Amino acid sequence: MNQYPLWKNLLILGIVLTGLVLALPNIFSQDPAIEVAAVRGGHVTEATAGEIRAALEAAQVPVKRIDTLAGGKLLLRFASSGDQLHAEEVIENTLSDRYRSALTLSADLPRWVRALGLRPMNLGLDLRGGIYVLIDVDMDAALDQALERHVEDIRTQLRDAKVRYVTVGREKGRVVVKFAEVASRDAGEKVIAKEFRDLKMQTLEQDGEFLVTVAQTPAQQKQIQDFALQQNITTLRNRVNALGVAEPIIARQGDRRIVVQLPGAQDPGRLKEILGATATLEYRLVDTEHSAADAEAGRAAVGSRLYKTRDGKPVLLKRRVIATGDQITDASSGFDSQSGTPMVSVSLDAPGGRRMREMTTENVGKPMAVVFIENRTTTKQVDGKPVKRTEKVEEVISVATIREPFGRRFQTTGLDSADEAHNLALLLRSGALAAPIQIVEERTVGPSLGQDNIDKGVRSVVVGFLLVCAFMGVYYRVFGMIANLVLLANVVLLVAILSAIQATLTLPGIAGILLTVGMAVDANVLIYERIREELRNGNSVQAAIYTGYDKAMATIIDSNVTTMIAAVVLFSFGTGPVKGFAITLFFGILTSMFTAVIGSRAIVNLMYGHRRLTSLPI
Amino acid sequence: MELFKRTNIDFMYIRWPAIWLSSLINLIGIASFIFLGFNFGLDFTGGTVVEVGYAQPANLVQVRSALAEGGFKEAGVQHFGSTREVLIRLPPVAEGTGSTLGDRVIAALSTDPEVGEVKLRRVEFVGSQVGGELVEQGGLAILYTLIGILIYVAIRFEWRFAVGAVIATVHDVIVVLAVFSIFHIEFDLTALAAVLAIIGYSLNDTVVIYDRIRENFRRVRKGTVIDVVDLSINETLSRTIITHGVTMLAVLALYFLGGQVIHGFALAFLVGIVTGTYSSIYVASSSVVLLGISRADLLPTPKEGPGVDARP
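Residue numbers (numbering that gives the first Met the number 0), protein chains in the order written: chain P, 0 to 617; chain A, 0 to 311.
Chain P on its own, in the form it takes in the complex (with noise of 0.2 Å):
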């Protein structure tokens, strides 16, 4: 008798029920949306549902709904994507001075169902839309960067030192510095090794010449490049926030690219001019002789000049530019260590620190200001044609008293929280990139492309699945049934895993959904034809159950392996799309595996198993 125990029953049907409850939000329709936050410094109020339901009510566009989200935005939701284009158009033109609009895409799923905590599978760009670059970071710029400051930095502490050199340049990877005679150079030697004790340093004598030369160390070398990295990602985030997509990916790929997506972001022009954007930091003093006042009256003094901080409060600003953002060479919050209180250090680079140096000595207890300067690229709708414009936004971002003389590393202390320090010291590492960048990749999916794909993957999923069923149910009759049904709970489970895991679904991906039912269809077959064969051989129904389950398992799992090896390597080697397709396919024939072997076989114990039988409907 084929009989499982009770508890192997319960358990294939809890993991049955548990894939059709997780697998539940992919049947709700997926809403083209659009998300509306303020710009900085507003809010999204309960008035501005009714001001952005008025202007789309004058335009013509119908929206489904408006829901709040958490964080002060606002979800439109449109029955189609035209209207949700037509929709961003109305938004951007009307409405852009004080909100920025996001497309998106957005499940519309019940309340119920948003507080289990369930959502649908994660669409690729190739599905939904959107733009996806890949960009490479210049890191032989960032390690020339580098070794510039470090030649600056020795032409600094030699000079301080009165060490006599001849000169000091950077020459195939390295600082050579070039001395007259033996002694000074033992003395700069001396000098250089003090100040830089993880350098490489080499001493030679060629053409009458003495030298030193400075190297960085591999180690080194790749701390300068991940950190190169890891700044360009912070200030490219920085940007493509003020983007406003709804959720950009911005991740490191490889030692030296970094990928962005934005999902539903249509317009690659201007990520690039996001991207490509400038923006830099300025240290300047703040004019305590003049007041702000009578500037703002147009009574600005020679020397000076006016700006605003970011709650618009204005700010009288000396001409003279003390260090700019390229010379701050690392910034980092933290905790002050006397008073406790929030605070970001800065370290400069050498001319920098020279310069800083210089001005605080003769100002202490004088007001510093940082401005924060950025080119901003807007486009607007003139007479239906859109016209870019690019303007200097020029902010104060922090006004700090100048309590002693400080150079190369200072703190900013008499910040109002740990969150502000935060922010200050990510704005001032941010200025500006720590090495040139190049898109290497861009892919730009439009959103009406994206819909052809879904409906063409999905009807395609459709005919090839009732296909398999019709064939299956006519070969194999009511075992091939008992197959469809297994063939279905493999597909529920497959999305049920791939929302779980919250796994990319990519137009590839949806073909190997279709392709592991093909290689669960496999599983099936191995077995029924199996168990045929020991029918056929004179065996009893029981034992031809039992022998046709436990000798098609060995060829199954075997077989399985080799494609899994595939998917493993695919993975691994893949990106973007071809990623989807395996992970589809490695949890495609796990699922395959679980549900032809134990599932089918639970069904097919219940119906038969218990049984005295003298030949089965296969």
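Hints may contain errors.
Unchecked claim - Straight-line Cα separation of at most 27 Å, DSSO-like style, residue types lysine-lysine; simulated pairs:
1) P:K391 <-> P:K271
2) P:K63 <-> P:K455
3) P:K455 <-> A:K118
4) P:K199 <-> P:K161
5) A:K221 <-> A:K4
6) P:K221 <-> P:K193
7) P:K177 <-> P:K189
8) P:K171 <-> P:K189
9) P:K365 <-> P:K307
10) A:K221 <-> P:K550
11) P:K271 <-> A:K221
12) P:K161 <-> P:K189
13) A:K72 <-> P:K271
14) P:K161 <-> P:K177
15) P:K189 <-> P:K199
16) P:K171 <-> P:K221
17) A:K4 <-> P:K550
18) P:K63 <-> A:K221
As the list claims (entries may be wrong) - Example chain A residues on the side facing chain P (calculated, C-beta under 7 Å, incomplete):
19) M0
20) L195
21) R238
Claimed, not checked - Taking beta-carbon pairs under 8 Å as the criterion, some of the chain P residues facing chain A (in silico):
22) Q450
23) D451
24) N452
25) L506
26) G517
27) V568
For the record, the hints were derived by calculation from the structure and aren't laboratory data. Computed from a predicted structure; not experimentally measured. From the three backbone atoms N, C-alpha and C, an ideal C-beta is built for every residue, glycine too.
Position chain A relative to chain P; hints supplied.
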């Protein structure tokens, strides 16, 4: 319903002609790689592809002239999927300028009123450096998969089976690639993914037959090696044909309904299914026979220790 009851076909009887045929096909394939090369897609060559959609069927001549006016004289223009979709291909350009091409193409097309309103469907730009890396990685991926499989089959079966399986798999890869090369079908990243999946898939079939050969060597005490191999192939024939027929149904749905983007993928799989079925019989199984497998190689090694002695 049962299409194949007990078959008794002498598969191995024509193993030599089959081997010659396979070798010939493979030689033609390799010759085609060398002389015809591949029609590599954007993923591998680098360059720019812009897909645009029109409300009405687009006139390619007008699209071409609009592009030429915009400075894109060497642009390849073709319908894609339907007459309302147009695919524009631009050759790779010097590093640094490539990423702006797509935007300029759209600009050139939208300033030309004759062709009608244009909608951007997709822009893909791949730098030639990235493309080169992908070719290299793709080759490595195929190699790693083969090595992984060789090891697995050698552990689970015997070295002759592993060698036979790899020969059969290489055969399938060559045949699929040859179809792409000879008919000059675009070979892109998804097609490569399909080739890798085929490696797994075709092997699946080979392993099923191997499994049966192993089992029969242990079970059937009479007959020559060739008899046993033939018996095994016959016993699994029904499963082989049903499985591939069914998978074929699914892939055909993909090929006809999945859209242009997935075409290369589906085609590679269609070819792979056919050649995979053939190769598991005539390449994988023949190889094992030629490599001189014998019954003794597959008998389970007698267990040592008390378990053996304790038997009555």
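Could you grab the alpha-carbon distance between K455 (chain P) and K118 (chain A) and see if it respects the 27 Å cut-off? Holds, at roughly 20 Å.
Just to be careful: measuring from the Cβ of L506 (chain P) to every Cβ in chain A, is the smallest value less than 8 Å? 6 Å, holds
With a cut-off of 7 Å on the beta carbons, see whether M0 (chain A) makes it to chain P. 5 Å, holds
Given D451 (chain P) as an interface hint, is the shortest Cβ-Cβ distance to chain A below 8 Å? 7 Å, holds
Against the 27 Å threshold, does the CA-CA distance of K221 (chain A) and K4 (chain A) hold or violate the hint? 23 Å, holds
Run the distance test for K161 (chain P) versus K189 (chain P): straight-line Cα separation, threshold 27 Å. 12 Å, holds
Given hint K455 (chain P) paired with K63 (chain P) - CA-CA distance at most 27 Å: 25 Å, holds
Would the hint linking K161 (chain P) and K177 (chain P) be met if the CA-CA limit is 27 Å? This hinted pair holds, its Cα atoms lying about 15 Å apart.
Pairwise hint evaluation, K550 (chain P) against K4 (chain A), where the allowed Cα distance is 27 Å at most: OK: K4 (chain A) and K550 (chain P) at ~20 Å, within 27 Å.
Are N452 (chain P) and chain A close enough, Cβ to Cβ, to be under 8 Å, as the hint says? 6 Å, holds
Hinted contact L195 (chain A) with chain P - closest CB pair below 7 Å: 5 Å, holds
Does K171 (chain P) pair with K189 (chain P) here, judged by a C-alpha cut-off of 27 Å? Given that 27 Å is the threshold and the Cα spacing comes to 23 Å, the pair holds.
This entry does not satisfy hints 11, 18 and 22, going by the numbered hints stated previously.
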